[in-house]
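Novice: Residue numbers (the numbering used here), protein chains in the order written: chain A, 42 to 156; chain B, 1288 to 1399.
Treat the hints as calculated values from the structure; they're not laboratory data.
All clues given are correct.
Derived, one-sided and incomplete: chain B residues facing chain A with beta-carbon distance under 10 Å: (1) Q1318; (2) F1321; (3) Y1323; (4) Q1325; (5) R1328; (6) E1330; (7) K1332; (8) R1381; (9) F1385; (10) T1387; (11) F1389; (12) A1391.
Ideal Cβ placement from N, Cα and C applies to all residues, glycine included.
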Amino acid sequence: GAVVSQHPSRVICKSGTSVKIECRSLDFQATTMFWYRQFPKQSLMLMATSNEGSKATYEQGVEKDKFLINHASLTLSTLTVTSAHPEDSSFYICSARGGEGQPQHFGDGTRLSIL
Amino acid sequence: RKEVEQDPGPFNVPEGATVAFNCTYSNSASQSFFWYRQDCRKEPKLLMSVYSSGNEDGRFTAQLNRASQYISLLIRDSKLSDSATYLCVVNGDRIGGFKTIFGAGTRLFVKA
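Could you put the whole structure together from the sequences, leaning on the hints where they help?
Specialist: Printed below as a string of structure tokens:
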């Protein structure tokens, strides 16, 4: 089945640090990748959608200068949380989709804790 | 009205029970449909795709009714390991950019 690798799985760092999360589709080409955030006991919240080679589309209320997304190839997207603060602590999950009618396949998620 | 609506539950059932989840969607032009499960503090995992002709995978059966814009998931002979949140997911049409909409999920607890 389709495999999506997300790295790192856990990050603990000081306030003000920038954190980079990688998302790779290992056995398929992902025309579209998605970044989500999930707080405890809440639903997935879509942050942004990225297509290879073009700028990401951010959801309302998500600051694009704070959450930098790069989708450099059909198998790699990165999310950089710039100058992270405690309120950015959350579970960040990426997903990748091979085509428009296809399901999304999720990475294992990154648990980010900002002290 | 939410674009994808699910009963949040929780559903508390004994082992061996049959449980059914329902989901409705608002965009009649939606193209594809899926059920995912999400365990606590984990990522969602694709459970199965949903077709009008029905889709069965072992103890799990999914069904789509396009006329009623309704999706169902039936779990037979529930196991303790089925305890999770089940997410109904709908992919939109070309006009909507094939946007994926997730339901809020239905929580299932299977008890011994």
